[in-house]
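Participant: Below are the chains, spelled out letter by letter.
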Amino acid sequence: MTPDWEQKPTTVPYANFGNPQSLNLYAYVENNPTTVGDPDGHCADHYKDGSCKVNVDPKTGDAGAKAGKQLEGVLNKYDKAINALGDKSKFDIKDSKGNVIGSLTGKEIKAVWNGTSFTVTNQTDFNNGGGGATGGTWKRNSFSGSSNLSPGAISAYANAGSSRDENPFVGLSTMTFHELGHETHFGEALTRQYPVTPDISWPREHGASSAGSSMAGTVDAPFDCVIAGGCQ
Amino acid sequence: MKRFGGMLILLVSLLSAAPAQSGSSGNVGLKATFKASNGKVINLDLRTGILVTPRSRSSLLKDCSDKHQVCLTDNYGFAFAHFRKCNDASANDYKMLRFPPKVISALDNNDVWIVFDAAPKYLFHYAYSKGIVGIYLGPTDSFDFRSVLHDKNFQLANLDASEYRKTTSGAIAGCSE
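As they're listed, the protein sequences go chains A and B. Residue numbers are given in my numbering: position 158 of the first sequence equals residue 158, and the series is strictly consecutive. All you need for my numbering is the position in the second sequence, starting with 1, plus 1000.
Wrong hints could be hidden among the right ones.
Claimed, not checked - Computed far set for chain B versus chain A, every beta-carbon distance over 10 Å: (1) His1068; (2) Asn1087; (3) Ser1105; (4) Asp1108; (5) Asn1110; (6) Thr1140; (7) Thr1168.
As the list claims (entries may be wrong) - Cut-off 30 Å, straight-line C-alpha distance, at most; resulting in silico cross-link-like pairs (DSS-like, lysine-lysine): (8) Lys1031/B to Lys1102/B; (9) Lys94/A to Lys1035/B; (10) Lys1040/B to Lys77/A; (11) Lys1121/B to Lys1067/B; (12) Lys77/A to Lys1152/B; (13) Lys1062/B to Lys1121/B; (14) Lys69/A to Lys1085/B; (15) Lys1121/B to Lys1085/B; (16) Lys1095/B to Lys59/A; (17) Lys1062/B to Lys1152/B; (18) Lys59/A to Lys1035/B; (19) Lys107/A to Lys80/A; (20) Lys1152/B to Lys59/A; (21) Lys1031/B to Lys66/A; (22) Lys66/A to Lys1062/B; (23) Lys1040/B to Lys1067/B; (24) Lys88/A to Lys77/A; (25) Lys1067/B to Lys1031/B; (26) Lys94/A to Lys66/A; (27) Lys59/A to Lys48/A; (28) Lys1152/B to Lys1031/B; (29) Lys88/A to Lys66/A; (30) Lys69/A to Lys1062/B; (31) Lys1085/B to Lys1035/B; (32) Lys69/A to Lys1102/B; (33) Lys59/A to Lys1121/B; (34) Lys97/A to Lys1095/B; (35) Lys1040/B to Lys1095/B; (36) Lys1067/B to Lys1095/B; (37) Lys1095/B to Lys77/A; (38) Lys66/A to Lys1095/B; (39) Lys1062/B to Lys94/A; (40) Lys90/A to Lys1152/B.
In short, the hints are calculated from the structure, not lab data. Note that CB positions come from ideal geometry on N, CA and C, so glycine has one too.
The shape of chain A in the complex, shown without the other chains:
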């Protein structure tokens, strides 16, 4: 599936500083974000009601549709909070010992989040250069990219959460932020240092998880380093 690049997000202001109530992130849904849609969603692809859309290759059948909905659950849950991050906010990336190994800005996190088009497809043989797991291009401060995941991979992450007696959502959230971690400047630098080959590069993957964990932490989203094989 090719991402629909025509549907690039446009900036929608969240807060009117003359109206302090507009700073309440959930006032738009009467403080009940779990049951009411977000008409101003900022994720890369949208439904008409503004909620986050995951593109699903119809060849994946029911399994793909199910996986797409699971992934949309993560995107919709954190879309508003991610876009409420201040541009100049700075967030540390830490290794497993707590040492600071890098940083992210709110602007960077929003660019990755809003510039990544998610697709559920089985055409994902990234080691041969086709499909691509997760990738994109930075142009100054904007990012355009795609993350292609198979239904099997998505269910594996959910099951990894379940195997650890965690809610499957923990696995799905970990997957989403791990993939986005690859696209941060920190993750991209690691990809240049440890290029994608048929062999797994653990420095690259652990670094992506560390960046993803930091990103998840900005919105209190769960991230379990074990599920993605560990953090740096």
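Given chain A's structure and the hints, the job is docking chain B onto it.
Facilitator: Below, chain B without anything else, positioned relative to chain A:
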């Protein structure tokens, strides 16, 4: 002769699990060798149905496959099962396998690390299109890989020393669309 018939079924079942790979490689994975960094090997010979590991001189594998899954066991601590179709691996369907796996880790789009209750001393590295690409043996014969599920600092890379990586071509139990 009876044993030969069982092996034939085993061979047919495993080959049919990965039609794309077997058709293109010419080597259909009849015999897979997994090699550790210390030079020790695990041999999974589907022609003879014999599994040889550094800890067990040899054991005879039985085919427990059906039309939905590829399944192997020696009924003596080795067991593996996975769907023939990748899409069947949806969240609840794992329970339909003869040996439902516990998923230790998953990575990006291809790789998953699974352990089975029936074979806790083995950890399998499974890649959807390539099948079993690695087998881990614990440091002791009684090691239980399920224990790492509760280790908050667990990192797969730390297991490199105990991973036996597949060195032969051809897919073993790879799933298809």
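Participant: Evaluate each hint against the coordinates.
Facilitator: Taking the hints in turn, this is what the structure says about them:
1. His1068: With a cut-off of 10 Å, His1068/B remains clear of chain A, as the shortest Cβ separation is near 14 Å.
2. Asn1087: Nearest chain A Cβ is 4 Å from Asn1087/B, so the label is violated.
3. Ser1105: violated (5 Å)
4. Asp1108: violated (4 Å)
5. Asn1110: violated (7 Å)
6. Thr1140: Since the minimum Cβ distance to chain A is about 22 Å, Thr1140/B lies beyond 10 Å and the statement holds.
7. Thr1168: The assertion about Thr1168/B holds, with a minimum of 15 Å to chain A.
8. Lys1031/B to Lys1102/B: holds (26 Å)
9. Lys94/A to Lys1035/B: violated (34 Å)
10. Lys1040/B to Lys77/A: With a Cα-Cα distance of about 48 Å, the restraint between Lys1040/B and Lys77/A is violated, given a limit of 30 Å.
11. Lys1121/B to Lys1067/B: holds (27 Å)
12. Lys77/A to Lys1152/B: At roughly 25 Å apart (the allowed maximum being 30 Å), Lys1152/B and Lys77/A satisfy the hint.
13. Lys1062/B to Lys1121/B: Satisfied, since the Cα-Cα distance of roughly 18 Å is no more than 30 Å.
14. Lys69/A to Lys1085/B: Status holds; Cα separation ~21 Å.
15. Lys1121/B to Lys1085/B: holds (26 Å)
16. Lys1095/B to Lys59/A: holds (24 Å)
17. Lys1062/B to Lys1152/B: At roughly 36 Å apart (the allowed maximum being 30 Å), Lys1152/B and Lys1062/B break the hint.
18. Lys59/A to Lys1035/B: At roughly 37 Å apart (the allowed maximum being 30 Å), Lys1035/B and Lys59/A break the hint.
19. Lys107/A to Lys80/A: holds (14 Å)
20. Lys1152/B to Lys59/A: violated (37 Å)
21. Lys1031/B to Lys66/A: Measuring from Cα to Cα gives roughly 37 Å; hence the hint is violated.
22. Lys66/A to Lys1062/B: Answer violated: Lys66/A to Lys1062/B is near 34 Å, above 30 Å.
23. Lys1040/B to Lys1067/B: Distance ~34 Å between Lys1040/B and Lys1067/B Cα, so the pair is violated.
24. Lys88/A to Lys77/A: Distance ~23 Å between Lys88/A and Lys77/A Cα, so the pair holds.
25. Lys1067/B to Lys1031/B: holds (22 Å)
26. Lys94/A to Lys66/A: violated (34 Å)
27. Lys59/A to Lys48/A: holds (23 Å)
28. Lys1152/B to Lys1031/B: violated (37 Å)
29. Lys88/A to Lys66/A: violated (37 Å)
30. Lys69/A to Lys1062/B: violated (39 Å)
31. Lys1085/B to Lys1035/B: holds (27 Å)
32. Lys69/A to Lys1102/B: Since the Cα atoms of Lys69/A and Lys1102/B sit roughly 23 Å apart, the hinted pair holds (cutoff 30 Å).
33. Lys59/A to Lys1121/B: Violated - the C-alpha atoms of Lys1121/B and Lys59/A are around 37 Å apart, more than 30 Å.
34. Lys97/A to Lys1095/B: Status violated; Cα separation ~37 Å.
35. Lys1040/B to Lys1095/B: violated (33 Å)
36. Lys1067/B to Lys1095/B: holds (16 Å)
37. Lys1095/B to Lys77/A: Holds. Lys1095/B to Lys77/A sits at ~29 Å (cutoff 30 Å).
38. Lys66/A to Lys1095/B: Status holds; Cα separation ~17 Å.
39. Lys1062/B to Lys94/A: At roughly 48 Å apart (the allowed maximum being 30 Å), Lys94/A and Lys1062/B break the hint.
40. Lys90/A to Lys1152/B: holds (26 Å)
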